[in-house]
Amino acid sequence: MDALILIKIIIILIIFAITLFIAMYSTYAERKVAAVMQDRIGPNRAGPWGILQPLADGGKMFFKEDFIPALANKKLFIIAPGIAMFTALMTSAIIPWGGTITMFGYTFDLQVADVDIGILYILGVVSMGVYGIMIGGWASNNKYSLFGAVRSSAQMISYELAMGLSILAVVMTSGSLSLKDIVEAQDGGKWNVLYQPLAFLIFIVCAFAECNRAPFDLAECESELIGGYHTEYGSMKLGFFLFAEYINMFISSAVISVLFFGGYNFPFMHELGLSPNALTITGTLVFFAKIFFFIFFFMWVRWTLPRFRYDQLMHLGWKSLIPLAILNLMITGGFLLLKDLF
Amino acid sequence: MLNYIFYILGGLSVITAIMVISFRNPIYSVLSLIATFFLISGQYLLMNAQFLSIVNIIVYAGAIMVLFLFVLMLLNLNNINEPLKPIKLKTIGVISAGILLLTFLSALTSMYNNEQVLQLSDIGLVKNLGRLLFTEYVVPFEVSSILFIAAMVGSVLIGKRNKEEKEVENA
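Those protein sequences? They're chains A and B, same order as listed.
According to this note's numbering, numbering within the first sequence proceeds without interruption in unit steps and concludes at 692.
According to this note's numbering, numbering within the second sequence proceeds without interruption in unit steps and concludes at 166.
By construction, these hints were calculated from the structure, which means they are not laboratory data.
Errors might be hidden in some of the hints.
[Unchecked claim] Here are the simulated distance ranges between beta carbons:
id	chain 1	residue 1	chain 2	residue 2	range
1	A	L370	B	I59	28 to 34 Å
2	A	A353	B	V89	52 to 58 Å
3	B	I144	A	L548	21 to 27 Å
4	A	I576	B	L84	42 to 48 Å
5	A	I576	B	I94	51 to 57 Å
[Claimed, not checked] Covered stretches of chain A, as calculated for chain B (at least 3 residues, CB under 8 Å):
id	segment
6	461 to 470
7	479 to 489
8	498 to 504
Since the structure is predicted, the reported quantities are computational estimates derived from the model, not experimental observations.
Here a beta-carbon is modelled for each residue, glycine too, at the ideal position from N, C-alpha and C.
From just these sequences and the hints, can you work out the full model?
Structure below.
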């Protein structure tokens, strides 16, 4: 029992390190992708091809003056970036990173906790994600920050509904709320994206909105709000907010891969004749390849599509996505009923 | 082990609940209420009621409190424009709250049974809860859903401006 707890702690530490590492290099990747899309070179000074750029950025963030505006609410101003970071890191606890591994006589899953309510946990943490932005925006005591915070919270509440409804359709086809079970149900190339294309479309749009990424980055819309909720932030506090955004992007890419693209499953995985451990490791690598593709997709969209207007955003959320998600739910229910009858 | 966690969570939730009513700044009150909800969700988890605990977080901490915070931030309340209540009203409030506390206490002491409360059961898992809701308690469940629809329709009606007002604005 104690050894299993130790293994879980090691898994938690590894996931924590990997998450931070990927978030760090996402900033580099974002600048490189932007450069390619705009026919520029991008960062290339620090190290070969600029690969030390994230370290240089981090160092710069730490050495900058830690300034707090005079009229800001000091306690909340300091705690807000921490909340943003905390909620961003919480989700990774229930994502199944791979199958089972047998090592030193112990068999364990590459997952921190396989809870019965996996998907609801994700929805819960997503709904908490708004607090960091809201508190940060309000505590700055700046009208642009407050506007950004209010916009972002309204946006998150609106898109949570469509997101939950699109996930429900996936839950209905898989018959479980546990992420592990959902991945296992997609074994053998039966990926949910083939059965639930509409739910996938709705989910990915909502994921963009929940991450405050372009084209839905109304919360930090530079042309109207200077910097939105983090206008008054500087130094590593700003760094935390930006970092939280990249962690959110990484985690939502992981959730998209788990829900719709089979997680650590890949086609013909049982025909290769690999040993169980090798199969698990290959599966994990494939899972990360899927995640990297979706991170790239997030960046691709950011540098391709222009920003929405706020009323367009609300129209899309309430008048298109939610009715579509309900329709999808009804169609799924009808199909399941027919399958039971015949 | 479980007992210790219960007392730690219980003590912390009492502290945060007192913080809710003792802060002058309503924003702090809302934030401590969110902390209270989290601690209560922890209590649900101890009783293996996973579904209830996460729904508590999604609905109360995630949705309702966000709206509260939203309104408070827009109104920008502070203790200067908070109306002072007369001492008579305060006394009446304290007495009625004390009576409520007495009622709760008497109800709790008559059914107090530590063993039963901390006993692990699977009733709180999604599967069992769903089965119960759709078989034994299907009538109360449907009735409460009608109540929710009524509340939704009501809020939409309030939120919707009537036509004449709109025409005046457009003209």
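Structure-based check of all given hints:
{"no.": "1", "hint": "A:L370 <-> B:I59: 28 to 34 Å", "in the structure": "holds, 33 Å"}
{"no.": "2", "hint": "A:A353 <-> B:V89: 52 to 58 Å", "in the structure": "holds, 55 Å"}
{"no.": "3", "hint": "B:I144 <-> A:L548: 21 to 27 Å", "in the structure": "holds, 25 Å"}
{"no.": "4", "hint": "A:I576 <-> B:L84: 42 to 48 Å", "in the structure": "holds, 46 Å"}
{"no.": "5", "hint": "A:I576 <-> B:I94: 51 to 57 Å", "in the structure": "holds, 53 Å"}
{"no.": "6", "hint": "461 to 470", "in the structure": "holds (count 4)"}
{"no.": "7", "hint": "479 to 489", "in the structure": "holds (count 5)"}
{"no.": "8", "hint": "498 to 504", "in the structure": "holds (count 4)"}
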